[in-house]
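Below, each chain spelled out in residue letters.
Protein chains: 2
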Amino acid sequence: MTLKDLQYIKQKLAYHGLKVTHQRLVIYQVLQETDTHPAAEGIYEKIKKRNPSISLGTVYKTLEVFVKKGLIKKINTSEGNMRYDARIDNHNHIYCTNTKEIIDFKDLELDMLVRAFLKRKKIGNFTLKEFRLHISGEKIDPGKHIEITG
Amino acid sequence: MTLKDLQYIKQKLAYHGLKVTHQRLVIYQVLQETDTHPAAEGIYEKIKKRNPSISLGTVYKTLEVFVKKGLIKKINTSEGNMRYDARIDNHNHIYCTNTKEIIDFKDLELDMLVRAFLKRKKIGNFTLKEFRLHISGEKIDPGKHIEITG
DNA sequence: TCTTTGTTGATAATTATTATTGTTTAAATT
DNA sequence: AATTTAAACAATAATAATTATCAACAAAGA
Ligand SMILES: [Mn+2]
Ligand SMILES: [Mn+2]
Ligand SMILES: [Zn+2]
Ligand SMILES: [Zn+2]
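One line per chain: the protein sequences are S and Z, in this order. Counting with the numbering used here, you get residues 40 to 189 for the letters of the first sequence. Counting with the numbering used here, you get residues 40 to 189 for the letters of the second sequence.
Derived by calculation from the structure, the hints in this document are not laboratory data. Keep in mind that this is a model prediction, so the values were computed, not measured. Any given hint could turn out to be false.
Distance condition first, Cα-Cα at most 25 Å in a straight line; then the derived SDA-like pairs of lysine to any residue [to be verified]:
(1) K58/S to K85/S
(2) K158/Z to L149/S
(3) K161/S to D143/Z
(4) K178/Z to D150/S
(5) K160/Z to G176/S
(6) K178/S to A155/Z
Given the sequences, and given the hints that come with them, work out the whole structure.
Here it is, written out as structure tokens:
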């Protein structure tokens with residue numbers, strides 16, 4: 040997290056009419072530098088170390104404000120609890136059913152494939168907002184990473 | 040719900056080592072004849088009319104048992120609460136963000152398209168179990184149905 | 001019929017999330 | 001720089017959805 044990045048986040052907050060507070064900065068930072076799609080609780084735990092006075096309620100509230108403003112996205116696990124995602128561009132998720140990890144998976148070819156399909160297959164009386172492919176399965180070696188090739 | 044259907048459900052329960060109880064039969068029936076992907080609470084409400092003695096806890100427990108045995112599936116809304124689905128074949132869902140409806144959307148062509156894509160795009164250190172396309176948007180006329188054409 | 005084991009209903013507990021409220025703070029205004 | 005004000009905060013209470021407990025009950029088997 041460079042000084043430039045920090046300035047950029049401040050700008051974003053201001054642009055959305057949000058006051059620049061230490062809590063907001065640190066919550067956004069933590070989420071941005073994490074690729075595991077953490078829950079509010081997880082973000083709170085990370086932040087608490089350096090900011091012992093922060094409240095879990097503030098984390099929830101702040102995340103919700105960010106979602107409303109479109110700064111971040113909210114996704115859900117198959118267990119029904121919410122996770123947050125600093126990536127706001129359209130992308131898909133791979134869910135590992137035993138480690139509970141959620142891994143980003145973006146692919147333009149797939150996007151076009153599906154988009155073309157949905158255009159052909161018209162859905163009447165419906166305005167499509169977005170679509171997402173939800174891939175689920177299990178890591179073979181939980182110690183190693185999932186990697187997309189080909 | 041014909042007598043044949045009822046016999047068939049009884050067989051299914053027995054096959055999975057589950058005792059055939061009135062509660063289980065009626066829960067499964069209600070879910071099967073509903074296409075709205077209801078929550079436990081919703082199923083409970085429907086059942087209560089004719090079975091005033093049934094307990095909400097039993098509905099939850101029974102649904103969970105069914106999911107474990109693979110008789111039904113559990114899906115989640117973007118709000119984070121769980122819904123149940125009597126359809127267990129692979130299929131996709133269309134989410135209406137304002138009516139909260141979930142509509143089934145099965146398409147073999149799409150399945151093959153995605154399957155072929157994922158084969159090409161290998162995901163390493165991962166065993167794929169299933170994939171689902173999650174389409175979200177809004178009904179234009181909430182009074183009318185969504186319909187797929189083309 | 002007796003016994004065993006699984007299932008139910010009633011209820012308590014837990015978990016995740018949201019609401020409330022008095023206090024503090026960022027930033028706009030003087 | 002000091003003052004004002006609305007927004008944001010921490011602490012805490014409340015809610016909603018779901019799960020756990022347990023005594024009573026019912027189905028299947030001996
Ligand atoms: Mn999904
Ligand atoms: Mn919940
Ligand atoms: Zn993501
Ligand atoms: Zn379905």
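Evaluation of the provided hints:
1. K58/S to K85/S: 22 Å, holds
2. K158/Z to L149/S: 12 Å, holds
3. K161/S to D143/Z: 15 Å, holds
4. K178/Z to D150/S: Roughly 22 Å between the alpha carbons, so the hint for K178/Z and D150/S holds.
5. K160/Z to G176/S: 15 Å, holds
6. K178/S to A155/Z: At roughly 21 Å apart (the allowed maximum being 25 Å), A155/Z and K178/S satisfy the hint.
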